[in-house]
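K.L.:
All chains should be modelled from the sequences, with the hints used to inform the complete structure.
Okay, here's what each chain looks like letter by letter:
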Amino acid sequence: MRTGAPRGQVGHFHEAGFYSSDAEFRALIVPFAEGGIAAGEPVIIGYDDRKNALIRSWLTDPSAVTFPADSGMYATPARAIAAYRRLFELHVAQGAGQIRITGELPNLGSGGIFDGWDRYEAAVNTVWQDFPVWGLCLYDTATAAPVVRDVVERTHPRIVSPSGARRTNDRFQQVADFEALPPIPDPLEQTRPMIELVDRSAAEARWALARIGRGQVTDAILDDLLLGVSEAVSNASIHGHPPATVRIWAAPDRIVISVHDHGRGPADPLAGLVPAAGNAATLGLGLWLIHQLDIDVALKHADDGFTVRLRGGNMIG
Amino acid sequence: MAGGDPPAGLAAMRMIGPVGSYRELGLQDHVCWVHGDCGDYRPRLGEFFRDGLERGLRVAYLGPGNAGELREHLDRFVDTGPRSDRAVRVISFEEFYGAEGPVDPAAVINRYDAATQEALADGYQGLRVSADVTDLVRAPERQDAFARCEVLLERYSSRHPLSAMCGYRRELGDAVTQFACLHAAVLAGLTPFQVFACGDGAVGLLGDFDRACQGAFERALRRIEPAPGDSTLIFDMSQVRFMDHHALLSFDSYAEACPVPVVVRSVPPIVRRAAGVLGLEHLGHLRSGELG
Numbered sequence: 001m002r003t004g005a006p007r008g009q010v011g012h013f014h015e016a017g018f019y020s021s022d023a024e025f026r027a028l029i030v031p032f033a034e035g036g037i038a039a040g041e042p043v044i045i046g047y048d049d050r051k052n053a054l055i056r057s058w059l060t061d062p063s064a065v066t067f068p069a070d071s072g073m074y075a076t077p078a079r080a081i082a083a084y085r086r087l088f089e090l091h092v093a094q095g096a097g098q099i100r101i102t103g104e105l106p107n108l109g110s111g112g113i114f115d116g117w118d119r120y121e122a123a124v125n126t127v128w129q130d131f132p133v134w135g136l137c138l139y140d141t142a143t144a145a146p147v148v149r150d151v152v153e154r155t156h157p158r159i160v161s162p163s164g165a166r167r168t169n170d171r172f173q174q175v176a177d178f179e180a181l182p183p184i185p186d187p188l189e190q191t192r193p194m195i196e197l198v199d200r201s202a203a204e205a206r207w208a209l210a211r212i213g214r215g216q217v218t219d220a221i222l223d224d225l226l227l228g229v230s231e232a233v234s235n236a237s238i239h240g241h242p243p244a245t246v247r248i249w250a251a252p253d254r255i256v257i258s259v260h261d262h263g264r265g266p267a268d269p270l271a272g273l274v275p276a277a278g279n280a281a282t283l284g285l286g287l288w289l290i291h292q293l294d295i296d297v298a299l300k301h302a303d304d305g306f307t308v309r310l311r312g313g314n315m316i317g
Numbered sequence: 318m319a320g321g322d323p324p325a326g327l328a329a330m331r332m333i334g335p336v337g338s339y340r341e342l343g344l345q346d347h348v349c350w351v352h353g354d355c356g357d358y359r360p361r362l363g364e365f366f367r368d369g370l371e372r373g374l375r376v377a378y379l380g381p382g383n384a385g386e387l388r389e390h391l392d393r394f395v396d397t398g399p400r401s402d403r404a405v406r407v408i409s410f411e412e413f414y415g416a417e418g419p420v421d422p423a424a425v426i427n428r429y430d431a432a433t434q435e436a437l438a439d440g441y442q443g444l445r446v447s448a449d450v451t452d453l454v455r456a457p458e459r460q461d462a463f464a465r466c467e468v469l470l471e472r473y474s475s476r477h478p479l480s481a482m483c484g485y486r487r488e489l490g491d492a493v494t495q496f497a498c499l500h501a502a503v504l505a506g507l508t509p510f511q512v513f514a515c516g517d518g519a520v521g522l523l524g525d526f527d528r529a530c531q532g533a534f535e536r537a538l539r540r541i542e543p544a545p546g547d548s549t550l551i552f553d554m555s556q557v558r559f560m561d562h563h564a565l566l567s568f569d570s571y572a573e574a575c576p577v578p579v580v581v582r583s584v585p586p587i588v589r590r591a592a593g594v595l596g597l598e599h600l601g602h603l604r605s606g607e608l609g
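Line by line, the protein sequences give chains A and B. Quick note: the first sequence, position 250, residue 250 per the working numbering, numbers continuous. Just add 317 to the spot in the second sequence (first one is 1) and you have the working numbering.
Hints are computed from structural coordinates only; laboratory data are not their basis. We treat Cβ as the ideally placed atom computed from N, Cα and C, and that holds for glycine. A portion of the hints provided could be inaccurate.
Unchecked claim - Simulated DEER-style distance windows between Cβ atoms:
| no. | chain 1 | residue 1 | chain 2 | residue 2 | range |
| --- | --- | --- | --- | --- | --- |
| 1 | A | G95 | B | R589 | 47 to 57 Å |
| 2 | B | A505 | A | P252 | 29 to 39 Å |
| 3 | B | D491 | A | E204 | 15 to 25 Å |
| 4 | A | E204 | B | G373 | 20 to 30 Å |
| 5 | B | G440 | A | A210 | 15 to 25 Å |
P.N.:
Here you go:
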């Protein structure tokens, strides 16, 4: 009997499940994948190598499912959204009536790395609504911290248990109501910055960053930070309220930058996660570009204004 | 040279980029001299012409008024030493740029070409010209055509022994930058970016292109057209330090509208990175080094 998303489901049918053992993981994922295979629906599976190997061993025909080869798919929340979107477009173009995806967020046990993924889990309730997607997000209770579990419960409208029981989640918050986690402060932010620039141009910020960052991180990461700080400073001057302050911290192998202004920041909860429609110059393409780079991006709304924090290099301070 | 190696095909010894002074200008330099008043311009003009005469160039001063007035003006303010009228020419604005209304850029360049060829035929190493053109561009309706003229003059001087110092007074305000950015050499601090001509016909871009100068960049692009008969328009980006998404989108739109395919070469990694993220449609064929 078909469970979960009904045939012909329009939009993203977003479920979460928790497991505490490989057996529970198997109980959650095998029916999901086998059901998709039996229905002739594309099944996309994205876990780490160990779990992918387990899944292959459990499925009757693992060649019938897709294990994306792109290891950078989960590099950042915005890139994961974009990468999956491209996959969905491909499958829909090939005639898929429904697409099943299941995966896990990277490195949840590392602490702090969940930064930003709470917005991802909230956003995907909206940003894939034009695709027939059944998404199953599975979390290991051994590595998911309480705060992660709380976010999962607030971002998934349905919960499935290893027994197969499904329930509507009354803790679910629509994306417009979702309260994102505040970014975890970076230890470097508690120290004196290498430089502080007030109401200076994007070019001056880039110049300062290039001078400070050269040799601290790879050239590729420094380029991404230069693109990021430039867009953030331009946004602050266009959309924010002065004064705009850029602070740059540097430690061996990593750079932290904050760009703060006294405006309220973007009101759109999806800001940066998806490209803006319409007039790109005024509707957030710069913020989206920042989120596509190989750097950590955190947005902080506070009483004293809006901050974009960028981190490159080794994220663990 | 403003950092890095000369762009491919660039005429040897041509001064490119923001510069601290205009001493030692070569046979093909095209420089913008922005000054406060004539008292600032004239000494530079004197240096420019004396240096040109020592290099065996014919020098020509362009200005308002008839030949007699210009000659008197030049003799009074610029000491070119004991030279013949053959070596030091005066040309009225009216003769080169027309009496009134927007200039005809192609016609102006034809006159520069004729004057350059005449200098060569007369045994000189080339032609060196200068003018304070402020009064020619004061009217907004004349600015676009004159800027197009600067683009063609830049292209011409990159391939012929014509060196030019174009004087603009600061009283023009922000309008000055739209002309300054179209010269191969410009005093540091006047414009964050420049559009210049490489010796092989490519258009060189130099400097920083971001939101702060997006309008100026779009305006500069509108004034660049493929040379007659060219099947592609090549942009050399080896001297680009930075280009944000605003500039890249403007550039992509320009490429879309261009009557011939736009090809970019020597794209710096940071520009390639941003263009790749944006998935630009019309600059999608980014090439690096393929064209020299």
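K.L.:
Taking the hints in turn, state whether each one holds.
P.N.:
Against the structure, the hints come out as follows:
1. A:G95 x B:R589: 47 to 57 Å: Roughly 36 Å apart at Cβ, these two residues miss the hinted range, so it is violated.
2. B:A505 x A:P252: 29 to 39 Å: Holds, since A505 (chain B) and P252 (chain A) (Cβ atoms, about 34 Å apart) stay within the stated range.
3. B:D491 x A:E204: 15 to 25 Å: holds, 20 Å
4. A:E204 x B:G373: 20 to 30 Å: violated, 44 Å
5. B:G440 x A:A210: 15 to 25 Å: For A210 (chain A) against G440 (chain B), whose Cβ atoms are near 50 Å apart, the range 15 to 25 Å is violated.
Checked against the numbered hints given earlier, this structure breaks hints 1, 4, 5; the rest are met.
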